[in-house]
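Numbering-wise (full-length UniProt numbering), the sequence shown opens with residue 1 and increments by one.
It is possible that part of the hints are untrue.
As the list claims (entries may be wrong) - Computed beta-carbon distance windows for the label pairs:
| # | residue 1 | residue 2 | range |
| --- | --- | --- | --- |
| 1 | L94 | D276 | 38 to 48 angstroms |
| 2 | Q247 | L103 | 14 to 24 angstroms |
| 3 | L49 | V27 | 28 to 38 angstroms |
| 4 | M245 | G91 | 17 to 27 angstroms |
| 5 | A266 | K162 | 25 to 35 angstroms |
| 6 | L98 | L72 | 13 to 23 angstroms |
| 7 | D85 | R195 | 35 to 45 angstroms |
| 8 | A269 | D85 | 28 to 38 angstroms |
| 9 | A269 | T50 | 16 to 26 angstroms |
Hints listed in this document are in silico derivations from the structure and should not be mistaken for laboratory results. C-beta: ideal position from N, C-alpha, C; glycine also.
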Amino acid sequence: MDAARPRGPRHGQGRTLREPIIFSTLVLILLATTISGVGSILGAALLSLTAASRAVERMVSFSVGVLLATALLHSLPEAFASGADPRALFGTLLAGLLGFFLLEKISLLRHSHHHEGDGHHHHHGHDREEAGRSGLTILVGDTFHNFADGIVIAAAFLADPKIGIVTALAIAAHEIPQEVGDFIVLLNAGFSKARAFAFNLLSSLAAVVGGLVGYFLLDEMSSWVPYVLVIAASSFLYIAVSDLMPQMQRKPRWRESIVQVVLVAAGIAAIVWVTDGVHDHHGHGEAGHGAADHAHAHTDH
1 MDAARPRGPR HGQGRTLREP IIFSTLVLIL LATTISGVGS ILGAALLSLT AASRAVERMV
61 SFSVGVLLAT ALLHSLPEAF ASGADPRALF GTLLAGLLGF FLLEKISLLR HSHHHEGDGH
121 HHHHGHDREE AGRSGLTILV GDTFHNFADG IVIAAAFLAD PKIGIVTALA IAAHEIPQEV
181 GDFIVLLNAG FSKARAFAFN LLSSLAAVVG GLVGYFLLDE MSSWVPYVLV IAASSFLYIA
241 VSDLMPQMQR KPRWRESIVQ VVLVAAGIAA IVWVTDGVHD HHGHGEAGHG AADHAHAHTD
301 H
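Assemble the whole structure, with the sequences as input and the hints as a guide.
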């Protein structure tokens with residue numbers, strides 16, 4: 001009965017010591033999180049960089065749909081489906097929204113004196129500061145989100161390597177439209193293409209860290225995953241509602257408004273389409289992870 005709960009490195013009890021390290025669970029997790037994170041960044045960058053400047057401006061609407069759908073149709077539902085206390089999750093969401101508001105407010109207060117009495121340069125200066133705030137918020141939110149993805153990938157591999165591979169592929173597919181949205185946010189805020197790529201690439205490395213943490217400390221960290229997802233969702237909601245939507249309202253023409261609505265819907269549709277696949281395989285993965293101990297116990301018998 002003591003053998004009923006092997007986990008982590010001990011999952012491979014049936015393996016011989018001569019088995020090549022390339023097939024170890026930890027190596028698979030590291031490869032999957034790296035390829036999933038960096039691959040999604042490269043795919044998003046290629047899609048974003050092929051767009052003309054006017055298209056980039058219009059893609060702000062697409063990123064609104066992506067960010068809203070990611071938060072409301074993916075991150076939050078997954079967090080609340082975890083069985084965590086809903087009141088605590090809502091409290092975390094509230095704290096996240098207020099935290100990003102305070103982060104932006106502090107940045108505004110620190111630099112407000114640079115704009116006093118300088119009306120001619122106010123708009124340019126404001127755009128530069130907004131770029132820094134949006135970039136920081138995107139980086140923080142994406143880092144949390146990618147960290148949680150790494151933990152989820154690790155959990156899936158510990159349940160079954162096949163489930164781990166499918167989960168990593170599904171997460172990568174989900175990340176590409178989301179990273180396109182993030183990349184467009186940074187470009188729209190004034191970041192150079194190289195700097196926007198560097199920010200997103202740095203954020204993607206959190207998936208590798210999450211994979212390592214999930215592998216070594218899965219029992220302790222699994223209860224944190226819902227709260228990490230909620231913090232990530234709060235950042236996406238805050239950016240979409242407080243930063244991007246007001247920009248869309250500056251162009252009230254009917255034709256432009258219709259284009260905006262269509263692009264928001266396209267962003268939502270992209271996430272819905274991918275999220276369905278993620279949930280199909282995730283439901284598989286979570287079921288496998290929840291039954292992992294039973295499966296391993298059965299194997300040992």
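Here is what the structure says about each hint:
1. L94 x D276: 38 to 48 angstroms: violated, 29 angstroms
2. Q247 x L103: 14 to 24 angstroms: 19 angstroms Cβ-Cβ, so the 14 to 24 angstroms window holds.
3. L49 x V27: 28 to 38 angstroms: About 32 angstroms separates the Cβ atoms of L49 and V27, which means 28 to 38 angstroms holds.
4. M245 x G91: 17 to 27 angstroms: holds, 25 angstroms
5. A266 x K162: 25 to 35 angstroms: Holds, since A266 and K162 (Cβ atoms, about 32 angstroms apart) stay within the stated range.
6. L98 x L72: 13 to 23 angstroms: holds, 18 angstroms
7. D85 x R195: 35 to 45 angstroms: Once the Cβ atoms are compared, 39 angstroms apart, the range 35 to 45 angstroms for R195 and D85 holds.
8. A269 x D85: 28 to 38 angstroms: holds, 32 angstroms
9. A269 x T50: 16 to 26 angstroms: For T50 against A269, whose Cβ atoms are near 20 angstroms apart, the range 16 to 26 angstroms holds.
Hint violations for this structure: number 1 only, all remaining hints satisfied.
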